[in-house]
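K.L.:
Chain by chain, the residues run as shown.
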Amino acid sequence: MIIAMSKVRILGRRDRLSDVLRTLQDLSLLHLAAPQATPDAPLGRAVLGASQERERRHLQQVLADIDAGLDELHLRPPPVAALQSSARAAPADFVRWARLAWRVRREAERLRLQIVALDEEKALILKYQQFFSAFRALLEAETHWPNATAYHVLVRGSDAGAIPKLRASLAAAIGADFEIYTQPLASGEIALLIVVAAPSARRVEQLLAQAQVQEIPVPAQYGGGGLAQAIPRMLERLGQIPSARDQAVRRQQQLAREHGAELMRARAAVHDRLRELEAVPLTGVTPHAFVLEGWVPTRSRRTLEDRLAAQYGAAVAVEEISMEEWASEEAPVVLSNPRLLRPFEALVGVFPLPSYGTIDPTPFVAVFFPAFFGLMVGDIGYGIVLALIGLALHHWSRPSTLLRTVSEIIGPCALFTIIAGFLFGEFFGDAGSRLGLKPLAFDRHEAMIPFLLLAVSLGAVHILLGMGLGIASAIRRHPREALGRGVSTIMVVLVILALLAAVKVLPRSFFTPAVIGLLIAFPALIVLEGIVAPIELLSTLGNILSYARIMALGIASVMLAVVANKMVGAIGSLAVGVVFALLFHLVNFAIALFSPTVHALRLHYVEFFGKFYSPGGVRYQPFGHWTPARPAA
Amino acid sequence: MEAVLITLAAALAVAVPALATAWAQSRIGTAAAAALAEKPELRTTAILMIAIPETMVILGFVVAAAILFR
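Residue numbers (this note's numbering), protein chains in the order written: chain L, 15 to 647; chain G, 107 to 176.
Bound-form chain L, shown alone (with noise of 0.2 Å):
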């Protein structure tokens, strides 16, 4: 249900503003509106002073600050109770705080570029690891030539032919002043290394800059002496860098340790004051006044004048402004709905809220959403398996996710899919059946017209509580909207009526006066619904027959079921049968998971929502404290 509101008017000396503020801030109950000017009462907008204008900007720098050090520490924080009055923090505390976050954030950014640093050197070195193991033999040559020139090239395997013809090109351009050692790498290439005497070592880069043959480069930090000097320091590099990467990681756990709690505190009262210095624009004032609007639930007004009241006595007073004053499209609106239900918000969540006045749907949700999904999947093995899956994911969530609200929904869904297996008389489709279950209702598998009645007759049911609704809804804004949808509503039972007289369900006997009464409120629904009323009847008529895909994805269900079971007789071996059964199940399950679901939100949102909900509401928001985001799951 939505619940009552009431709008409430708080006056008070201007000096005793910010105190104001903050008790109703510890009250958390008031949804702030900007009070409207009357030409009797001229009404100024208050301003943040050129201080506090300087404080928002300053506390949003620190806050970005905190949000950027926790980040980079990998905290996220756990929710919170909110700060109380008693725990307000000292000016003092945000000049700590603000120090505080850019040191840490600081820190933390230069640990992570550091550790990123490293990760990247390591994975450098780890790339010339083959190298090292192919050179470690050349090399040991390359030290038995003095004053020799080394040059480390690597070949293509497919190439191979061409070393004897660059040996060859050598001995042409230098004589026998060189030597060629050579090592096949694991990935086909080869690795060359090529020690020519210092005096002929330009004639040598001159060829194989002809060749376009590219020495290995050595990276820059590790260079001054070829790869043969590179090699040891970059092996030497490679055992340093997992202590000093341990290093970093350990002081980013100690900053986590050190100064994380006090972090979160400060995110904490950063957006509390944050919120307070926002709320300052939300308030009318005259020279010597403040005035604050805004709604509070009629349930807890009392504990909101009894509060002022009671600390500030005459100073401050509220008063109710009354209905007539305010439209309802501008109240802010709540659900409040007993725990079973809450859950079942989150699928009327997807909408956006209804407008205050109208009617909060989540408890007719609640009972035909597993109602539908119950009639559709309609079989006691896969409701225990529901079942199974519901308890395993309330056990593994955590109280107000999204993982625990599913399993909740889970729950009535497992009930209502047992019920109706236990009606059709269905255990893994028809293996109730062999084992001597009998349906308490009637067996979908063969009576398709009967389940085809039941499906429609409960989307009579279903779209006719809608229509209620709606009138209900319009009745006291809309008197002649709730007028006309009452004709509407009439019409299409007497459409339900005649039908039913015209295929003997009823009595012969009530056809006539069904169709009479049709004649009679035509005219009547076209003066009040206009010209689009017939083709709205006729919509109205389509919606309800679209209640049969709860039949027709019923038969589905189980007939696959049915199918799936005949696979263990159907395949030679018994045990490759029974295991196909089982996958042929397994799939069912899923779709039976899928399908009803989408068909069940379908049928709420398409064909019984479209009848009465009437959305544009504006939430909730009390001023109060600030507490973090719900974690996702």
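Be aware that a few hints might be false.
What the hints assert, rightly or not - FRET-style restraints, in silico, Cβ to Cβ:
{"no.": "1", "chain 1": "L", "residue 1": "PRO527", "chain 2": "G", "residue 2": "ALA128", "range": "43 to 51 Å"}
{"no.": "2", "chain 1": "G", "residue 1": "GLY135", "chain 2": "L", "residue 2": "GLU339", "range": "46 to 54 Å"}
{"no.": "3", "chain 1": "G", "residue 1": "ILE112", "chain 2": "L", "residue 2": "ILE540", "range": "39 to 47 Å"}
{"no.": "4", "chain 1": "L", "residue 1": "PRO527", "chain 2": "G", "residue 2": "THR113", "range": "53 to 61 Å"}
{"no.": "5", "chain 1": "L", "residue 1": "LEU402", "chain 2": "G", "residue 2": "ILE112", "range": "26 to 34 Å"}
{"no.": "6", "chain 1": "G", "residue 1": "GLU108", "chain 2": "L", "residue 2": "LEU402", "range": "48 to 56 Å"}
Don't read these hints as lab results, they were simulated from the structure.
For glycine and all other residues, C-beta sits at the position ideal for the given N, C-alpha and C.
Go by the hints and put chain G onto chain L.
P.N.:
Using the frame of chain L, we list chain G on its own:
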């Protein structure tokens, strides 16, 4: 012969709306995928939109059942 015609009629009652549903769902699916790339929060709405044309094949199935079990 009559039984063949009845069966054929029932098959057509499902097959034609099934093709229509498939065509409609392909169009909606394409549009939904594009919309989800821009606005992932439309996920639930997209799934529901894709389910809407299934009404055709479901009503076709009902008609087929009525033909077969009349």
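K.L.:
Hint by hint, say whether it matches the structure.
P.N.:
A quick look at each hint next to the structure:
The hinted range of 43 to 51 Å is satisfied by PRO527 (chain L) and ALA128 (chain G), whose Cβ atoms lie roughly 45 Å apart. One distance hint, 46 to 54 Å for the beta-carbon pair GLY135 (chain G) and GLU339 (chain L), holds here, with the actual separation near 50 Å. Distance hint check for ILE112 (chain G) and ILE540 (chain L): the Cβ-Cβ separation is about 42 Å, which falls inside the suggested range of 39 to 47 Å. Checked against the hint of 53 to 61 Å, the pair PRO527 (chain L) and THR113 (chain G) fails, with Cβ atoms roughly 41 Å apart.
Distance hint for LEU402 (chain L) and ILE112 (chain G): a CB-CB separation of about 44 Å, inconsistent with the stated range 26 to 34 Å. Restraint check, GLU108 (chain G) to LEU402 (chain L): a C-beta distance of roughly 50 Å satisfies the suggested window 48 to 56 Å.
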